[in-house]
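Using the working numbering, the first residue of the sequence shown is number 2, and each one after it goes up by one.
Calculated directly from the structure, the hints in this document are not laboratory data.
Please note that the accuracy of each hint is not assured.
What the hints assert, rightly or not - BS3-like mimics (lysine-lysine), calculated; alpha carbons at most 25 angstroms apart, straight line: (1) 105 / 142; (2) 105 / 146; (3) 26 / 198; (4) 146 / 258; (5) 22 / 146; (6) 198 / 107; (7) 144 / 21; (8) 198 / 258.
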Amino acid sequence: MNHVISEMMKQYHADGLTDKKNAVKEIMQEIVLCGLSRAGFFQKAAFYGGTALRIFYGLDRFSEDLDFSLMTPDPAFELSAYFPTLRKEVASYGLNVEISEREKTKESAIRSAFLKGNTKEHLLLFYASDMASAGIPGNEKIKIKFEVDTNPPAGASFDHKYRLLPAPYSIALYDMPSLFAGKAHAVICRAWKNRVKGRYLYDYVFYLSRSAMLNTEHLKARLVQSDAWKEENAFTIDDARKLLCARFDKIDYVRAKEDVRPFIKDTASLDLWSADFFKQITEGLI
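Work the whole structure out from these sequences, hints included.
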């Protein structure tokens, strides 16, 4: 095993197969971030979303995808321009993966790409001394999806942070209030269809438990972009509370709990989830 990967694995205490798969994915996510940084990606883009919250602010749940936003709109942005450096960086740690950009089927500001590798092969690389890969189909793929919003809503603020592993690198990411605004927007506006995103609610509780401030300017810009608010109307913290509370009355909490349960270890807090619970804690929104 690569010595850097060995060092990174010291933070994990993976008991079952799911935990081990998640550990592999999380380490691969950080290698991708390092590769993108070395390719100059964070001169134009910033990291946000659940994985950013986990890595840099201590969110205690697994997050599948890497979400990025350009810091200023650029419809001509080419995500694939960063692939050669990213491939080289990932390969330097002994990872055998494919990186490909998803072809757009409709006009969208989102650029998407996937990093894929063989699950069995990578479990053997990370957990060579045990039977973690036993019983896994030979064609099963481990996937990391990353997306870039090339038409970002205005009003976000950014932090710059550093990581030491897998190698020292710097990253631009949304600050906590702007991250919170993105999550509040997802709770209010995201069309969940048949899959209720309990992960959004779990993250929402995390922000409030950390007394995070809400970037209302950025939330308003996101709502305007989603046609959920009019540009000419003022937007206050009370408006945010009203929109959130109206949403909480419509959520199927049984299905929300089912969605998030596989991504967390301590599920006891989910027993409290109800419209009343979320509306009461929203009174503390600042």
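Are the Cα positions of residue 22 and residue 146 separated by 25 angstroms at most? It holds: about 15 angstroms lies between the C-alpha atoms, which stays within 25 angstroms.
Need the status of pair residue 105, residue 142: alpha-carbon distance at most 25 angstroms? holds (22 angstroms)
Given pair status - residue 198, residue 26, alpha carbons within 25 angstroms: holds (20 angstroms)
Between residue 198 and residue 107, does the CA-CA distance stay at or below 25 angstroms? holds (24 angstroms)
Would you check the hint for residue 146 and residue 258, treating anything up to 25 angstroms between C-alpha atoms as holding? This hinted pair holds, its Cα atoms lying about 23 angstroms apart.
Does the alpha-carbon distance linking residue 105 and residue 146 stay inside the 25 angstroms limit? holds (15 angstroms)
Hinted pair, alpha-carbon criterion (25 angstroms max): residue 144, residue 21. Please report holds or violated. holds (14 angstroms)
Hinted pair residue 198 and residue 258, Cα distance within 25 angstroms: holds (9 angstroms)
The structure is consistent with each of the numbered hints, conforming to all of them.
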